[in-house]
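Top to bottom, those sequences are chains A and B. Going by the working numbering, the first residue of the first sequence is number 1, and it counts up by one from there. Going by the working numbering, the first residue of the second sequence is number 1, and it counts up by one from there.
None of these hints come from the bench; they were simulated from the model. There could be a bad hint or two in this list.
Computed list of chain B residues with no C-beta within reach of chain A, every gap over 12 Å [stated by the list, open to error]:
hint, residue
1, Leu7
2, Leu102
3, Leu179
4, Phe282
For the chain A half of the interface with chain B, some residues (derived, Cβ under 10 Å), not all of them [said to hold, decoys possible]:
hint, residue
5, His80
6, Val81
7, Asp95
8, Ala108
Just so we're clear, the structure is a prediction, and the values are computed from it rather than from any experiment. Beta carbons: idealized from backbone N, C-alpha and C, even for Gly.
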Amino acid sequence: MLKVNKLTAGYDNVPVVFDVSLEVREGELVSVVGSNGAGKTTILRAISGLLKPISGSIEFMGKRIDKLPAHEIVKLGIAHVPEGRHIFGKMSVRDNLLMGAYAIEDDAEVNRLLDRVYEIFPVLKEREKQKGETMSGGEQQMLAIARALMAKPKLLLVDEMSLGLMPLMVDKALDVLKHVNKTGVAVLMVEQKVQEALEIADRGYILQTGKIVAQGTGQELLGSELVKQAYMGM
Amino acid sequence: MLLQVLLTGVLIGSVYSLVAVGLTLVWGLMDIINFAHGEFLMISMYTTFWLYALLKFDPLASLPIAVGVVALVGVLTYKLVVKRVANAPGLMALLATFGLSLFIRNLAQFLWSPNYRFVSESLLTDKRFIIGDLIIGLPQLVAAVGSFAMTLIIALLIKKTKTGRAIQATAQSKDIAELMGVNTERIYAITFAISGACVGVAGALLANTFPVYPECGAMYGLLAFVIVALGGFGNIWGAFYAGILIGLAETLGGFYLGTQFKYAIAFLIYLLVLQFRPKGLFGW
């Protein structure tokens, strides 16, 4: 459903990622792993339209999206959970979730979606009136994911979900992603936590200094010499 | 007598508040001070005056038209001036709007001369209540109540509506708001329109009692800047309370020290508050 083709992108015309090609198929959970600064965030920002590619193309459901502004792309069914969560700290939890459904016109539909995310994340229902910034890091991450789900996405982009979370919360957040993926939403996540990310992925890509150096199923990559040496210290 | 002075202060303060609300909205959203804000007010007052002079419109009847005109001026200011410097260092937008203010002021002088003009007869002219020793001018009362009503409407719009939520979201992060599907360019234009509508209301109400001339918005613009800083940048209710405070300071100072000191008192308060609370009385 998503095809990234020879993408070169960066900031102020200085490329950070070079000729990156990757694909997410219907219903898949795909991980892009690599160390800090490898360009993972840049790829996601290019897909969601926050960053215009220097060259290459991005297609979603057979339509080129690399020239569209970000607010149009979310309407096509791509929701982005940004790095560092970036919830709206000064707004209530409920208003944050309503912002997630901004592109949906039908109020009844918005209420249905709200009930659904409250079912998945009961803690958000309890904290509904609280300001986003007063919640813990883990709760904010849940809110960021829930907010993205409010957009009724076909594809969820998840940036460095584990950053700044304690291990228990990381496991919990990964469980949530798996659950969401089982409901038919394709997921493209980027992670520094190589092992965890590849374990739950159908397929994965390894990104090193802006280039894709290996790809395969999650299990294949976990077993590969490259991953063992570079990321697991074996 | 003190009561009379306090009342006068609150009434004018309410109008100051509304002017400042318009300014603080734009600041809160874009971190830009619109130096032409006082000139927006002047445009509203001229709109009201000309509708009165040429078409015999009462200022209250021309209020919606003035609101529309200044809202449009706000949108044009965003699209033609602010948008072009929005990504440049902060000082650029400040200088650009400062230049715009000089341009509008001189254009008004060129087109309509520097003469003072008055709406000499309106529905409200010379009407007043007298309660015991208190005299309440109807034009002042209507201006204050109208300004407060508009402030309330703006606050509710920001807090309770979908567009208001989008404005809040864009103020906190443009990129993340885009990811939610918000066309942030449109939100900027809308916010400039709302900001213009605030001074549109204030200008039409002020035209009942104050003379209209090319410089007539300048002092309001300056006071609004002071009020925004006192109230905490981007804070609507902060601007409201600070506006009342400045209105009171001005009338109290004017009454006890002499009218020549009335603005000096207001600016002195500003200097003192900034020494001790740089983020304003109601800032975070």
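Hint check:
Distance check on Leu7 of chain B: its Cβ is at least 35 Å (rounded) from any Cβ of chain A, clearing the 12 Å threshold; non-interface status holds. The beta carbon of Leu102 of chain B is kept farther than 12 Å from every beta carbon of chain A, the shortest such distance being approximately 34 Å. Its beta-carbon lying about 5 Å from the closest one in chain A, Leu179 of chain B breaks the requirement of being farther than 12 Å from that chain. Remark: the non-interface label on Phe282 of chain B is consistent with the geometry, its nearest Cβ contact in chain A lying 14 Å away (cut-off 12 Å).
Nearest Cβ of chain B to the Cβ of His80 of chain A: about 5 Å, under the 10 Å cut. The hint holds. Among the interface hints, the one on Val81 of chain A holds; its C-beta lies about 9 Å from the nearest C-beta in chain B, closer than the 10 Å criterion. Checking Asp95 of chain A against chain B by beta carbon gives a least distance of about 6 Å; that is within 10 Å, so the hint holds. Using the Cβ-Cβ criterion of 10 Å, the hint placing Ala108 of chain A at the interface with chain B is not satisfied: the shortest such distance is roughly 15 Å.
When the structure is compared with the earlier hints, violations turn up for hints 3 and 8 and for no others.
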